[in-house]
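A.B. asks: Sequence lines, in order, name chains A and B.
Take my numbering: the final residue in the first sequence is number 638, and no numbers are missing along the way.
Take my numbering: the final residue in the second sequence is number 318, and no numbers are missing along the way.
Please keep in mind that the hints were generated in silico from the structure rather than gathered at the bench.
Please note that a few of the clues may not be correct.
Derived list of chain B stretches under chain A, where covered just means 3 residues or more per stretch with a C-beta under 8 Å from a C-beta of chain A [what the hints assert, rightly or not]:
| # | stretch |
| --- | --- |
| 1 | 59-65 |
| 2 | 156-162 |
| 3 | 199-209 |
| 4 | 269-283 |
| 5 | 302-308 |
The model shown is predicted, which means the values in this text are computed figures rather than measured ones.
We treat Cβ as the ideally placed atom computed from N, Cα and C, and that holds for glycine.
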Amino acid sequence: MKQRRFGPLAIVTWLYVLWSLVPVLIAVRISFNSGKSRSAFQSTSFRWYWDDPASVWQDDALQTALTNTLKLAGLTMLIATPVGVAMAIGLQRWRGRVSRGANNLMLLPLVTPEIVVGVALFLVFSQIYTSVPRGFTTQLLGHITFTMSYVVIIVRGRLMSIGTHFEEAARDLGATRTQALRMVLLPQLGPAIFASLMVVFATSVDDFVISSFLSTGASTETVPIKIYASARAAATPSVNALATVMLVITLAAVGVAALVMRLLRRAGVGDGSGLSSMTG
Amino acid sequence: MADATTAAVTGGDATAPGGHRSGTAFWAALASPGSLLLVALFVVPAYAILAVAFGGIDPILRTTVPAWNPLDWDLERFGDVVSRVFGGDLTRVFLRTGIFAGLALVGCFVIGYPVAYYVARKAGRNRGLLLGLLVLPFWISYLMRMLAWVNLLQTDGFINRILGWLHLGSGNRNWLDGDWPTVVFGLVYGYIPFFILPLYAALERLDGRLIEASRDLGASSASTFLRVTLPLSIPGLMAASVIILLPMCGDYYTNTYLTGGSPRTEMVGNQIEFFLRGSSQPQAGASLVIILMAFLTIAMAYYLASVARSQRESAS
Numbered sequence: 359m360k361q362r363r364f365g366p367l368a369i370v371t372w373l374y375v376l377w378s379l380v381p382v383l384i385a386v387r388i389s390f391n392s393g394k395s396r397s398a399f400q401s402t403s404f405r406w407y408w409d410d411p412a413s414v415w416q417d418d419a420l421q422t423a424l425t426n427t428l429k430l431a432g433l434t435m436l437i438a439t440p441v442g443v444a445m446a447i448g449l450q451r452w453r454g455r456v457s458r459g460a461n462n463l464m465l466l467p468l469v470t471p472e473i474v475v476g477v478a479l480f481l482v483f484s485q486i487y488t489s490v491p492r493g494f495t496t497q498l499l500g501h502i503t504f505t506m507s508y509v510v511i512i513v514r515g516r517l518m519s520i521g522t523h524f525e526e527a528a529r530d531l532g533a534t535r536t537q538a539l540r541m542v543l544l545p546q547l548g549p550a551i552f553a554s555l556m557v558v559f560a561t562s563v564d565d566f567v568i569s570s571f572l573s574t575g576a577s578t579e580t581v582p583i584k585i586y587a588s589a590r591a592a593a594t595p596s597v598n599a600l601a602t603v604m605l606v607i608t609l610a611a612v613g614v615a616a617l618v619m620r621l622l623r624r625a626g627v628g629d630g631s632g633l634s635s636m637t638g
Numbered sequence: 003m004a005d006a007t008t009a010a011v012t013g014g015d016a017t018a019p020g021g022h023r024s025g026t027a028f029w030a031a032l033a034s035p036g037s038l039l040l041v042a043l044f045v046v047p048a049y050a051i052l053a054v055a056f057g058g059i060d061p062i063l064r065t066t067v068p069a070w071n072p073l074d075w076d077l078e079r080f081g082d083v084v085s086r087v088f089g090g091d092l093t094r095v096f097l098r099t100g101i102f103a104g105l106a107l108v109g110c111f112v113i114g115y116p117v118a119y120y121v122a123r124k125a126g127r128n129r130g131l132l133l134g135l136l137v138l139p140f141w142i143s144y145l146m147r148m149l150a151w152v153n154l155l156q157t158d159g160f161i162n163r164i165l166g167w168l169h170l171g172s173g174n175r176n177w178l179d180g181d182w183p184t185v186v187f188g189l190v191y192g193y194i195p196f197f198i199l200p201l202y203a204a205l206e207r208l209d210g211r212l213i214e215a216s217r218d219l220g221a222s223s224a225s226t227f228l229r230v231t232l233p234l235s236i237p238g239l240m241a242a243s244v245i246i247l248l249p250m251c252g253d254y255y256t257n258t259y260l261t262g263g264s265p266r267t268e269m270v271g272n273q274i275e276f277f278l279r280g281s282s283q284p285q286a287g288a289s290l291v292i293i294l295m296a297f298l299t300i301a302m303a304y305y306l307a308s309v310a311r312s313q314r315e316s317a318s
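Pulled out of the complex, with its shape left as it was, chain A reads as follows (with noise of 0.2 Å):
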């Protein structure tokens, strides 16, 4: 088969490449204007970050948004992840129709449009758990409930592959039930559990809708609330400057997990595939 160097579809490609990333590229640039210009280079300087009274470091808002978002991430991580993964693991191993029932249920939330899970949460908290403190804890609740299934659905995927053979030989050398799980299973899910950590993590962290409608005010304002809410206000470069500290830490905490899974695989412990190729 003939293989063109340079044919249209790998122009395209790369252009479209450029198109999706370069935008970012120059919003990144931006924030380290030395003026108030949004929409030109100019010289450089960390303004925006630290000089300035309105800068990321000196402004309150915007130094609590980012605590806020970083807050909020990190706690739903926390608890999103150790909830969604024993979830997979009891809804894969316990095989009946309520849990058949339960596996399509936790689909939902990731077919269901952000802004009817904003409205739904947002009626709830206003209607029935009047009790839970609006803001933060909402939010906190509204990230777990949606990003949790993410993590059932990478788990799962995991655990499909990794079938029940090792688990078995385990409880025939005489493990509990408990020990299987802990010794064995929980060891294999090493990388997914990593991936499901991250996955938490960037789309906690991206959430606007969720975020928006259970917010109360400026103390519960997240990132993604601030760079919306800079369409009406007279912004300056210091959004952009927001910005781009979030997508740093995003990038370093994906680049971290990445590391991690890729460390756990070469040490062979979230691969069974050989020992699976002799029980098999």
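For this one, chain A is given, so just place chain B on it according to the hints.
C.D. replies: Coordinates of chain B only, in the frame set by chain A:
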């Protein structure tokens, strides 16, 4: 069907070779925190939408009184909203939402299909690199990607300057003034990564032998594409379309952010947000959500069915 029976006969843990008890209670306990969360924070809230939409209004305070008992449901005020959607003041907003989402989907297809096809089947050595670059936008905040275009589309921004150099247009057009092309462009830019990836996965799984067979039997590359590759990729194409259509139909931030909230580009999501947060009319907002969901249910059902099918296939 046959697969399901085989699975049932060979069994899961219940008849495992080791003969351990199935331990249903143990697995149920593991699944319960997540399941309870889902019920409390997804199922009950979904029901709350119905209760509010079909609820009443306090005669003195004028606040919404949700009807938790289905026997108390009052469809009258929901019916008012329905008639506003079908032939009333909200018709325009619904039509506009459908048209924007439809145009953006076409845009995603025109740009996204060649990209997904090239990376999945033709990229050769560059495939890993390209795949990484296709995934990169997932880690960049959606609103930051929109912010980037707000910067570029300013009156004195780069887009106008480039157009000025090329002598296209006046070079000082205000793109962020509430024009629909800007919104459709923003939707395409925002959602296309979510369209390309599932399509890539489908094209990558495609059996290359069928394509070779078509070429061997004398079909030109164009007719091979039109009569073999494209038809085979339709399930993946449909899944990718549904994945972006659902959120696009509920979007209200892309258009607001790119037009400064111009009423000329208002979508259903804007109305819902306005009813709930802008003007304290939760009953009308909840009703609109139900109507929107009725339109989207068909798309959602299709997606869930195809997920279930592929799970059965991979399980067997």
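A.B. asks: Would you say the stretch 59-65 of chain B counts as covered by chain A, given the rule of at least 3 residues with C-beta under 8 Å?
C.D. replies: violated (count 0)
A.B. asks: When I compare C-beta atoms, does the stretch 302-308 of chain B have three or more residues closer than 8 Å to chain A?
C.D. replies: holds (count 3)
A.B. asks: State whether the coverage of the stretch 156-162 of chain B by chain A holds or is violated, taking the criterion as 3 or more residues with Cβ-Cβ distances under 8 Å.
C.D. replies: holds (count 5)
A.B. asks: The stretch 199-209 of chain B covered by chain A? Criterion: 3 or more residues, Cβ-Cβ distance below 8 Å.
C.D. replies: It is violated: at least three residues are needed, and the stretch 199-209 of chain B offers just 0 whose Cβ sits closer than 8 Å to chain A.
A.B. asks: Please count how many residues of the stretch 269-283 of chain B have a CB within 8 Å of a CB from chain A and say whether that reaches 3.
C.D. replies: Per the Cβ count (5), the hint holds.
Comparing the model with each numbered hint stated earlier shows that hints 1, 3 do not hold.
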